[in-house]
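Counting from 1, one number per residue, gives the positions in the sequence shown under UniProt numbering.
Incorrect hints may have been included.
[As the list claims (entries may be wrong)] As a list, the in silico DSS-like pairs of lysine-lysine whose alpha-carbon atoms are at most 30 Å apart: (1) Lys-85 / Lys-135; (2) Lys-135 / Lys-233; (3) Lys-133 / Lys-86; (4) Lys-232 / Lys-3; (5) Lys-43 / Lys-91; (6) Lys-129 / Lys-112; (7) Lys-223 / Lys-204; (8) Lys-232 / Lys-213; (9) Lys-112 / Lys-86; (10) Lys-43 / Lys-3; (11) Lys-238 / Lys-204.
[Said to hold, decoys possible] Derived CB-CB ranges, DEER-like: (12) Asp-262 / Gln-224: 45 to 53 Å; (13) Asn-98 / Gly-14: 19 to 27 Å; (14) Ser-163 / Gly-62: 19 to 27 Å; (15) Ala-130 / Asp-80: 21 to 29 Å; (16) Asp-226 / Thr-46: 24 to 32 Å; (17) Arg-175 / Arg-36: 39 to 47 Å; (18) Arg-175 / Thr-46: 26 to 34 Å.
Since the hints were made in silico from the structure, they are not lab data. This one's a predicted model, so the numbers in the text were calculated from it and none came from an experiment. We treat Cβ as the ideally placed atom computed from N, Cα and C, and that holds for glycine.
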Amino acid sequence: MGKAKRIEIIFHNGEPDGIRIYMRPLSTIKAFVVPRPYLNEAKALTGTDNPGVYFLINDETGALTQIYIGQTRNGITRLDDHNAKKDFWNKAILFLANDEHFTLNIISGLEKYSIQRAIDANRYRVDNKAVPKYKISEYDFPLIEEIYEEIEFVMATLGYRMSGVDAQNVFTTSRRGVVAYGVYTGEHFEVQPNSEIDFSHPAKLESYNARRKALLGDGTITKQSDGKYYLKKIIGFKTPSGAADFVLGGSNNGWVEWKSKDGKTLDELIRQSI
């Protein structure tokens, strides 16, 4: 069982979707969640001129689809350039130092580490063209890992998981020879990369067929030389059944469709074990 964690959230505008500040006791960083229309208003907040790293995200569809990661030495004003030149993002999440002891080495190392972790997780389209060549000192690395662990935790509380998947928790479906993989988080079911998508069988809900078409168009789903279609990144669904419908087409009971490596259904392992 993991350790309990405490986090304080301030809703600056008094709105659940406005500016939010996330703080943990004794932390070296403070997180600012800033929807793009509130960018100028956020500049007046204490601490938003501190150094750190930031994540520009696109979650307009309800799920995070695209991300850009950068460093800032002058806080939120760094985003002015992105506001003028980058169109894709609708929200910024800044992790800024609580004091003046955030060195340039730590900021640069944290930027590189965050970009590499985002690429390795293969969950979202990472808009960074390349990983910075900055070399992280072996003396700075433990602190960078510690800070990133907190960043990852805060991002997860916002619904944006940044880590990869433990292979021990992967479920599989293989109906009609279509093999796909997924992970159940307790709140979502996430279909994994290299899962086959059966385009020969349309889903019952037209919204899933439209999503298939959109992901094929942006390269998240690709057609291989064998004529089959495969998923390249993790995509999430609210239910196991929705994930099964998207992958297999038609209408499915995902609780019995997805099975563990031991052949047990998701229903047996989750619902019947309660």
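Comparing the hints with the structure gives:
| no. | hint | in the structure |
| --- | --- | --- |
| 1 | Lys-85 / Lys-135 | holds, 28 Å |
| 2 | Lys-135 / Lys-233 | holds, 28 Å |
| 3 | Lys-133 / Lys-86 | holds, 23 Å |
| 4 | Lys-232 / Lys-3 | violated, 34 Å |
| 5 | Lys-43 / Lys-91 | holds, 15 Å |
| 6 | Lys-129 / Lys-112 | holds, 12 Å |
| 7 | Lys-223 / Lys-204 | holds, 22 Å |
| 8 | Lys-232 / Lys-213 | holds, 14 Å |
| 9 | Lys-112 / Lys-86 | holds, 20 Å |
| 10 | Lys-43 / Lys-3 | violated, 35 Å |
| 11 | Lys-238 / Lys-204 | holds, 16 Å |
| 12 | Asp-262 / Gln-224: 45 to 53 Å | violated, 29 Å |
| 13 | Asn-98 / Gly-14: 19 to 27 Å | holds, 24 Å |
| 14 | Ser-163 / Gly-62: 19 to 27 Å | holds, 21 Å |
| 15 | Ala-130 / Asp-80: 21 to 29 Å | holds, 23 Å |
| 16 | Asp-226 / Thr-46: 24 to 32 Å | violated, 57 Å |
| 17 | Arg-175 / Arg-36: 39 to 47 Å | holds, 42 Å |
| 18 | Arg-175 / Thr-46: 26 to 34 Å | violated, 56 Å |
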